[in-house]
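Letter by letter, the chains look like this.
2 protein chains.
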Amino acid sequence: MHFELTKEYVEMLQQLIEQKAEKEIRSLFVDLHPADIAEIMDVLSLEEAKYIYLLLGGEKASDVLLEIPEADRRRFLRALPPEVIARQFIEYMDSDDAADIVQDLDDDLQQEVLNEIEDVEQAGDIADLLDYDEESAGGIMAKELVSVNENWTVAKCLREISQQAEDVDEIYYVYVIDDVGILKGILSLKKLILTHTNAKISNIYNSDIKSVPTDTPQEEVAHIIDKYDLVALPVVDHQGRLKGRITVDDVIDIIREEAEKDYQMVSGITGDVEMTDRVWPLTRARIPWLMVGLFGGIMGAQVLGIYETALTKFQGLALFIPLIAAMAGNVGVQSSSIVVQTIAAGGKDIQSTMNKLLKESSVALITALVFSTLIFFYNFITKDNMQLTFTVSVSLFIVILFASLFGTFVPLLLNRLKIDPALATGPFITTTNDILGLIVYMLVGSFFFNLTVF
Amino acid sequence: MHFELTKEYVEMLQQLIEQKAEKEIRSLFVDLHPADIAEIMDVLSLEEAKYIYLLLGGEKASDVLLEIPEADRRRFLRALPPEVIARQFIEYMDSDDAADIVQDLDDDLQQEVLNEIEDVEQAGDIADLLDYDEESAGGIMAKELVSVNENWTVAKCLREISQQAEDVDEIYYVYVIDDVGILKGILSLKKLILTHTNAKISNIYNSDIKSVPTDTPQEEVAHIIDKYDLVALPVVDHQGRLKGRITVDDVIDIIREEAEKDYQMVSGITGDVEMTDRVWPLTRARIPWLMVGLFGGIMGAQVLGIYETALTKFQGLALFIPLIAAMAGNVGVQSSSIVVQTIAAGGKDIQSTMNKLLKESSVALITALVFSTLIFFYNFITKDNMQLTFTVSVSLFIVILFASLFGTFVPLLLNRLKIDPALATGPFITTTNDILGLIVYMLVGSFFFNLTVF
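Protein chains in written order, with my numbering: chain A, 108 to 561; chain B, 108 to 561.
Keep in mind that the hints are not guaranteed to be accurate.
Same chains, same names: a pair is fine if it fits in one copy or spans any two.
Claimed, not checked - Here are the simulated BS3-like pairs of lysine-lysine, each with C-alpha atoms no more than 30 Å apart in a straight line:
id, residue 1, residue 2
1, K157, K420
2, K525, K114
3, K127, K167
4, K127, K420
5, K167, K463
6, K263, K298
7, K114, K130
8, K297, K525
9, K114, K167
10, K167, K307
11, K334, K167
12, K307, K127
13, K334, K114
14, K317, K130
15, K317, K167
16, K130, K307
17, K263, K167
18, K127, K525
19, K114, K463
20, K463, K334
21, K263, K307
22, K368, K466
23, K466, K157
24, K130, K157
25, K525, K490
26, K317, K525
27, K114, K317
28, K130, K291
Calculated directly from the structure, the hints in this document are not laboratory data.
Turn these sequences into a full structure, and let the hints guide you.
The following block contains the structure:
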């Protein structure tokens, strides 16, 4: 039942492509789901993939095109003339998918492709969708939906559905509108089937529904669909007129993308890469963070350089540099990640920033106490060096406290400024915490080692 | 349209609870979605929440209970007698939700609750579901679905649906089975509406469908629903008999949970915490990773202790300790995160482990060359110390190479051993890389500083 991509399969297919064995390839693909074909495309060369696309043609090729990674799609479409893009691909797509594809084209090509679309209504729908912000409800909705007037009967409604339904792949709900197009409610197909055909729609529809205006950010759309377990969410304009619908499969992609973006940020990867990518994209994705890390390391060397005489003079001081730096980094990442995760979960939040920082202070205080006590006893027992014992403990205490508050405050501030708070889980905070940790350590060390009471 | 939880609202509600103003509270909640009420419950005390649950009762209270966090639910249910759990909550739930709730109860309570359920069929369904692994398709499916026999006509089918549909909230597809219950295909309601009532089901259903056996891991279920953009996926036993269905809303939760687990691992947080949690859970979630970090720091101090004379004798050697340790940690996290993300994305993968390690070697080689060259020139220009310049460059080169391969190999190995590869993004790898980085640095340093050619 499930398709399993194997090395043998790919080799066999490549041989067939080389032999231009059209019939065999077509019969190979006839029962495959577009998502499976997309996986095959991923391991073929651009030339081989192009051959397959043009061979499949029409609906199937368009579906496959929608399943492959954006970058590959862009590369492929760039090589095609506008009329081929319009007539062999765009015309087979739903308006939301078509708009995504057109959006991705160069500006001058966009107009040319729109002009080549033969179905005027479809071209108009796509042009409408292009006007919305790509990451808003308007930008991700599809215009294809089934709507019925509240004054109709069930019988008229069923007739109407059979006409409208041709354009719509799956009907989950029928939307009920009034004479001027304002969304009044929804009607499930189940209800339609179970109700007498003479009944009036206005008496049976469900008016207690969720909808969003076109300018709702896509993260909020995803949050609403997830929270209320919806399969589709209607989108309305600011007069409340029905404009489109967003389906749950689009939302899954958004949720995945958001989660991946946050994950990449905290693990120091720039851009969406996978192991199957080539060497250069994989390398490029890793260099920026390491560059910040290298710069941080050089700054750290500068800080230590100022105290170099202390480092060589005061016995043992150098040994705990990695401990202080690592703890500062770890505590900072933990704090900022908790903030980012809380924001991403999208739960309502009635705590003030001051309350959050106060709570974080308590957490930081306990953590700092625990770890500075532990390291105090470790050094007290194993080292005969009270200056060092106090230096490490006191600076670890200060560093944990500071890194916690810094790690909490910065993402909250970024979020307030409408900047992605996940930035704060990345290299900048870690590196800043590392350096500040070293400064604290050196200052505290200089203080204790210059005291004469020991 | 959307409910907005404010501090004022909560205070007003708490006052009403104190006054036991039942009527006002009921009217406050009558139009609220269970998911919104769950958010309110989250900020109320256990006592206040309990009062609301018992006031709401029945369907609504059950729906709210399903929306609150697991830990809160467990705490709440533990305080109730089995007959209340069964009759005021379980009986209003779908079989999959009911099974989740019962699963969570203590072993002896499970049986008691099942015995208290009055609907024998429902009790049987729940008991069936409890037999499946919680994280398999069988464990997350619901038994409620609408199925029709392939030999029926559309008319009989519609009649049958109106009978079966009472138990099922939403019908997305009707499942077509044969006389012995084997799943043959699906039928969309759209098709049913658009087809003549005399038509035979066997002539109109779609046999090209995805289904999974009951023992499919939930991650794979999520992957299939996501990949093929499904709204519901039927679950079959090993004879192919229809057993239940999994809906997309359950899958969104699984995707979110998986992403959160990986995110927590890489950011060093143990367990699912949010900023709104109390001080102690927040602290407890952070201590384990920091403990490993502290231990790593102590090991690092041991390593440096061995070379303490070198550190005090060789000028500048101590300054680059943070740089080496940070780069080792960062490179390791990057490598393992890419592996984890690739596995989580679940794409088919025809590369062998050897191929992956070879490719990672190329990436590591380029990265190592870039950064060791950069630091070479930095030190060459700013420091008049060739031993140090060579030591830092050469050890950075080795450390990047090693940390990359280690960071790639370990998660691949864990995955092969069926252990969650995300473990490798956590503290163990980072700490190990830190320590190994220091050892390399000290060995290379001893070598160059003892050379006499400079």
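Results for each hint:
no.: 1; hint: K157 to K420; result: neither (69 Å within a copy, 65 Å between copies)
no.: 2; hint: K525 to K114; result: between (46 Å within a copy, 23 Å between copies)
no.: 3; hint: K127 to K167; result: within (19 Å within a copy, 62 Å between copies)
no.: 4; hint: K127 to K420; result: neither (77 Å within a copy, 72 Å between copies)
no.: 5; hint: K167 to K463; result: neither (52 Å within a copy, 32 Å between copies)
no.: 6; hint: K263 to K298; result: both (15 Å within a copy, 17 Å between copies)
no.: 7; hint: K114 to K130; result: within (22 Å within a copy, 68 Å between copies)
no.: 8; hint: K297 to K525; result: neither (43 Å within a copy, 43 Å between copies)
no.: 9; hint: K114 to K167; result: within (24 Å within a copy, 53 Å between copies)
no.: 10; hint: K167 to K307; result: between (40 Å within a copy, 29 Å between copies)
no.: 11; hint: K334 to K167; result: between (34 Å within a copy, 16 Å between copies)
no.: 12; hint: K307 to K127; result: neither (59 Å within a copy, 42 Å between copies)
no.: 13; hint: K334 to K114; result: between (41 Å within a copy, 21 Å between copies)
no.: 14; hint: K317 to K130; result: between (49 Å within a copy, 26 Å between copies)
no.: 15; hint: K317 to K167; result: between (34 Å within a copy, 18 Å between copies)
no.: 16; hint: K130 to K307; result: neither (53 Å within a copy, 34 Å between copies)
no.: 17; hint: K263 to K167; result: neither (34 Å within a copy, 35 Å between copies)
no.: 18; hint: K127 to K525; result: neither (53 Å within a copy, 42 Å between copies)
no.: 19; hint: K114 to K463; result: between (53 Å within a copy, 15 Å between copies)
no.: 20; hint: K463 to K334; result: within (24 Å within a copy, 39 Å between copies)
no.: 21; hint: K263 to K307; result: both (10 Å within a copy, 25 Å between copies)
no.: 22; hint: K368 to K466; result: both (27 Å within a copy, 24 Å between copies)
no.: 23; hint: K466 to K157; result: between (57 Å within a copy, 26 Å between copies)
no.: 24; hint: K130 to K157; result: within (17 Å within a copy, 67 Å between copies)
no.: 25; hint: K525 to K490; result: neither (49 Å within a copy, 43 Å between copies)
no.: 26; hint: K317 to K525; result: within (25 Å within a copy, 42 Å between copies)
no.: 27; hint: K114 to K317; result: between (47 Å within a copy, 24 Å between copies)
no.: 28; hint: K130 to K291; result: between (51 Å within a copy, 29 Å between copies)
In this structure, the earlier hints numbered 1, 4, 5, 8, 12, 16, 17, 18 and 25 are contradicted, and the remaining ones agree with it.
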